[in-house]
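Trainee: Can you make the complete structure from the sequences, with help from the hints?
Protein chains in written order, with the working numbering: chain H, 291 to 717; chain A, 93 to 1000.
Hint data in this document are derived by calculation from the structure and do not stem from the laboratory. Just so you know, these numbers come straight off a predicted model, no measurement behind them. In this text, a Cβ means the ideal position worked out from N, Cα and C, and glycines have one as well. Just so you know, not all the hints are guaranteed correct.
[As the list claims (entries may be wrong)] Here are some, though not all, of the chain H residues that point toward chain A, as calculated from beta-carbon distances under 8 Å: (1) P336; (2) P339; (3) E391; (4) A394; (5) N395; (6) L398; (7) K399; (8) I401; (9) V424; (10) D427; (11) A428; (12) N519; (13) D522.
[Claimed, not checked] Cβ pair distances, simulated, as ranges: (14) D317/A <-> L691/H: 39 to 49 Å; (15) T326/A <-> T523/H: 18 to 28 Å; (16) H295/A <-> S694/H: 53 to 63 Å; (17) N534/H <-> L321/A: 56 to 66 Å; (18) L321/A <-> T523/H: 21 to 31 Å; (19) Q301/A <-> E368/H: 50 to 60 Å.
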Amino acid sequence: MKRGPRSISVFFVVVAEFLLSFVTGCDKADSLFVCSDSIGCVTIAPGKPVKVGVLQALSGEVAPLGRAQMRGLELALEKRGGRILGHPVLLQTEDTGCSPEGGANAALKIIADPESVAIYGTTCSADAATASQVMSDAGLTMISGNNSAPFLTSIAGKAALDRHPGYFRTASNEENAGKAAAVFSYKILGVHKVAIIHDGDIYTMGLANGFAKAFEKQGGTVVLSTSINKGDTDMRPVLTAVVNSQAELLFFPLYQPEGNHLLQQARKNIALNKTVLMSDGALIENSFIEAVANDAKGMYFIGPVRPAGPEVEQMDAVYEKKYGEKASVSYYLSGYDAANLLFHAIEQAAICEQSGTLHIGRQKLRDTLHGIKTFKGVTGTLHCDQFGDCGQSAFNVLQLLDPSQGIAGLESNIIYNYLPGTSKRAN
Amino acid sequence: MRLLPSITRAWHRAGITKKFSLSFFLLIFLIAIMLGASCFALFYVRQMEEKILTSVNIERLVLEVDSGMELARRLSGDFFLHAPHIGIAAAHQQYVQPSVRQAARVIALSDELRDLLYRSQPSETQQTPQVDLILYLSMAKRFTGTSIHAVELVTKRDIPVNGLVDQMTSCVNIFGASLVSHPDLLALHLKAKGFFQEYLINHQRPVIQSAFNIASSLHLAIINDQTVLREEKTALLAMLNQCRSIAEEIVAIDQEIKGAFNDFTIQSATTRMASQSLLQFAQKETFRNYEKTHFAHKAVLIGMSGVFVFCVVILMLLARKVDHDITWNILRMKDRAQELTKGNFDVRCEDTGEDELGQLARTFNSMAVHIQELVSTLEDKVVQRTAQLGESEQRFRHLAANLPLIPVQGYDCDRNIIFWNRASESIYGYTAAEAMGRKMEDLIIPQAERANFVQITRDWLDRDIAPPSSELIRRHKNGSLVDVYSSHVMLNSTKGEKEMYGIDIDLAEIRQVQKEKASIEGRLQRAQKMEAIGLMAGGVAHDLNNILSGIVGYPDLILMQWPTDNRLKAMVEPIKESGKRAAAIVADLLTVARGVACVREFKELNLLIEEYIGSPEGKKLQSLYPDINLEMHIEARKSVISCSPTHIKKCLMNLMINAAEAISGPGRITISTCEQIFDATMAEKKGLAPGRYVVLTLSDSGTGIAADDLVRIFEPFYTKKVMGRSGTGLGLSVVWNTIQDHNGSITVNSSEKGTSFELSFPLVNNNTVINNDKKEQSEIVRTGSGGHVLVVDDEPQLLDIARQSLEMFGYSVETAKSGEDAIAFLQNNKADLVLLDMLMEPGMNGRETYEQILKIYPRQKAIIVSGYSESDEVKMALNLGAKALLKKPYTVKQLNEVVLLAMPLNNK
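Mentor: Set out below in structure tokens:
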């Protein structure tokens, strides 16, 4: 057979490639990825899990809230078959104990693993403040479905003191909750003198301060503003002070069990029979209603607007089917949204190699979350602003009329609705 | 040893292509060996380098892990050191968090180190104890666990309010307050409190044990104290137990913290050994691989050098062989070929073998033999060809020399004439003997052109600019100039010198032909122009004549009927004369238009001249110009021509008038005649056929005619006179047309001394019967015989004039307005004579009417009346038997004469 120019050229190409392979030593198995992220990358080899830290309050009186958040996470994971981009999700769950120290130490355990991608948490704003600082300094991202204290993100359109770059939340920023309660008290209830009790926690203190400021702006007078300690059981001295102040309304944004003690002891004080009682969303919980029963009758609560609609109903049904009980608190919905939002952002930020290896830029993950403008969640359309707030900020004033109807009865009895910029009284 | 001779034989047998193929194959094979060796060396060295890199990376990672861990431990230690002073929260942020972050970084580095150790060099790492290695790699993870646990313990113990220490302090204080009323118990309590506070400072186990011991004593004291109430005892004991359990918890935490510290120490010691071991391993590996690389470098250098030297030697041997067998043979063959080109046809190449060069040598030899044979016969052929060439050249030279009509002159670089053919002799007047050796410019170049000729010749020789073929002017020996069309050729002589040749064509004859052609074309154009004008004139003539018939006819009738003394006659007479003059102009126009349309007569020219001179018009002219002397030189007696005498005389009249008007003051007009025979050349010049002619020359001593006018004088309406004064512009046109109609010619010669018209008429045979009778028409008007005349005309006026005129002469007259009416009339009536108009519209014309009439009355007499000149229709009517042609406008007198002619009196 005649050898044409084509066969000659093929020969030279083969020889050239052979020689080139010695000179360059190219190995196609090697990854060509070079991390250019400003705060580093997490590389997940094929088959290896995507590690997500979970920081929640799983012990103590607030444990029901923590558990609701855990269940929101579980439902979101279940929806994805427990996988992100083909990799299993490994959760490293730590209990914060709803305390700042607990939050900080639990966060340490997450950041100690360099392969941790992000954190789902926390339950309480107090532990979120420390955990947020720890994980942000380590380059991680954290998202919460339960934190509502304004100081974690922004106050009055400016970055708050404890705002850290890796922190996001789908729960409402309760900056306006105090204002909503004050406007309702002054304008709707016609109250002009109020007493305020908080527990020194930065969440309750922030809410109390917001209420006082707004109430005085309306023209009312704060006749008493004091605090109790977490763990206090005897509320009689402080209630005596309330009586002495002749306040028409007592605003006490406390957690359980301090809130329970205060309510029950107040009901036993005859001098406070005519005093209006109002608390916040921390007590909009089935366990609270069950614990205090009729003592809570007639009491007002300021809390975020509960999501509603067919998707929420569907989620409630899934929840009940999976856990054999109705949700004790609606915050599991924002937890579910938070987990979904986080997993979605990881998928968007990840660079996938053909081999299955994932590279997740830590800053890119944060930027992806900040860049989310319309994410359809069960609580509504989520939009993350520059401070990390992704949820909506509307509040309802609820009144408990029939404790036997539990949380559902409370949440359905909306007295007043407050949306920043507008407000209306519900029928 | 037999191999070498057989290789040598095979080499000699092989062709050049095979030898080169073999050489190139060997070359490529050697290059491939070198490339292969290079690639292997590169591959080996690269592997060694990778190993070295791995070892260096292991060393780097171990050092980074060690330093990272050291930092993490230090920060962790700082936390425990500074927490009591700056607070747990601040210490947490300043020390614990950086420590954990550092540890996390070390964990990542440890993972990287593990990958390096186990993935790339699993066998080598076995040198390090596996337990230590695993411990080392998990060191950071373990540290973080221990460290964070210790921090949690410290937090649990020391945080404000809810911390164990604060709880213990609160408990101790409340318990102390409860013992205020029991001094003994209080003393024990204070002692125990003192130990507890000491423990909080130094954390020494014996100290707290002392506190516990006192607490036990206090417990017994409370039980045994009779002053304390029972309920109070229970409460105090419960409080004491609570405080003790808190203190025990604090102690347990402290112990745990201590355990953590111990753990750190053990970890540090264990991992330090593993670290050192790994470092030693990495350094050893690095050194070992460096050694291997160094050895590989040396081996490659030596191997490559050997292969290179081997290749060079083989290539040199190959080159030498190729040089000897191919190059050297080619050079030798080149030398032989050069010898052959120098003329050595005996040279031959050696036979070098079976390859292509050997075949080439044999081919060369056979070619040399063939060339030798060819050369020997070539000289004979050259002699033969030279002879043939000389003969051919001689033939062409003879041909060129004897060309009859094409002059050829040859001259050398100095313009000396070297060739001069017979035609040159003829055209330039110099014989070849006179011309040869002389310079061209001295001989035939006009004086004014000589410098130019010399320059052109120089340009041609020096710059190769050949002169173009063109018309040139040369000089004849007699000094006259000769027009030629000259082409130029340069040739190389047999001596290699340049020779130039001029090849001329005599343009004299061509010029003559062109001149004559122009003359003929001019005449033709003039004839066409005349014909066009004639057509126009002819068109209006008929209508004008009909109109003029009234102007001439009625005054005539009036004059005839008035008495001679009627004073109005003087007023009517000019009307009639004006009509006649107008009719004359129309007649001239018709002459111009249709030529001289009348019956020819044989007349002597001289008689016609005399008749004119003697006529009233001739006499009148002479009387008008009394200072002009008329001279007659009549030589051509008895010269008979076929002519229209009226027109010939009119020609004479017009020429005479022309001549007289050209003379201002006294002068002379000469009329001469002579007979001439025109040969072909002469006849052609005049546009005539060769033959005998009588020539009438009329010359004057006037001012002559300008050259521009001369060519146009025969055009109708072309006049230099004042229009309307003496001429109509038709005089010379009538002359020209008349001469043309008589098949003659007219030539004009004019100068300042005068003008001469020369009229040539073809002569007729002398035996021809000549009608020279001059019928002097009676001036007396004869009265008609009273015959019956039918007048046919489509013009009512003409009918009326004819009827009145004929009735005046005694004829009975009937009129018809058309041919059809006339025929209808004649169907039932008779007429002695029919006066028949030729052109009638609409309906039949005169000729057709006459034909119809002849069918009724075959001998019917008729006169044709026409306002138009004689046409074919008129001729046909005359041929049918019409007696005469009467032209419109006619006078009464003319009508009467014609009627009398057709119907003589004796016919009555």
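Trainee: Now tell me, hint by hint, if it's right for this structure.
Mentor: Here's how the hints hold up against the structure:
1. P336: violated (14 Å)
2. P339: With a minimum Cβ separation of about 15 Å from chain A (threshold 8 Å), the hint on P339/H is violated.
3. E391: Cβ of E391/H sits 5 Å from chain A, so the hint holds.
4. A394: holds (6 Å)
5. N395: It holds, given that the least Cβ distance between N395/H and chain A is near 5 Å, below 8 Å.
6. L398: Interface hint status for L398/H: holds (5 Å vs cutoff 8 Å).
7. K399: holds (6 Å)
8. I401: OK, holds: I401/H within 8 Å of chain A, min 6 Å.
9. V424: holds (6 Å)
10. D427: The hint holds - D427/H has a Cβ within 8 Å of chain A, the shortest such distance being about 6 Å.
11. A428: holds (5 Å)
12. N519: Holds: closest Cβ of chain A sits about 7 Å from N519/H, inside 8 Å.
13. D522: Violated: closest Cβ of chain A sits about 11 Å from D522/H, beyond 8 Å.
14. D317/A <-> L691/H: 39 to 49 Å: For D317/A and L691/H the Cβ distance comes to about 57 Å; the hint is violated.
15. T326/A <-> T523/H: 18 to 28 Å: For T523/H against T326/A, whose Cβ atoms are near 21 Å apart, the range 18 to 28 Å holds.
16. H295/A <-> S694/H: 53 to 63 Å: Cβ of H295/A to Cβ of S694/H: about 55 Å, so the range 53 to 63 Å holds.
17. N534/H <-> L321/A: 56 to 66 Å: Once the Cβ atoms are compared, 36 Å apart, the range 56 to 66 Å for L321/A and N534/H is violated.
18. L321/A <-> T523/H: 21 to 31 Å: Taking Cβ atoms as reference, L321/A and T523/H lie about 26 Å apart, which means the hint holds.
19. Q301/A <-> E368/H: 50 to 60 Å: holds (55 Å)
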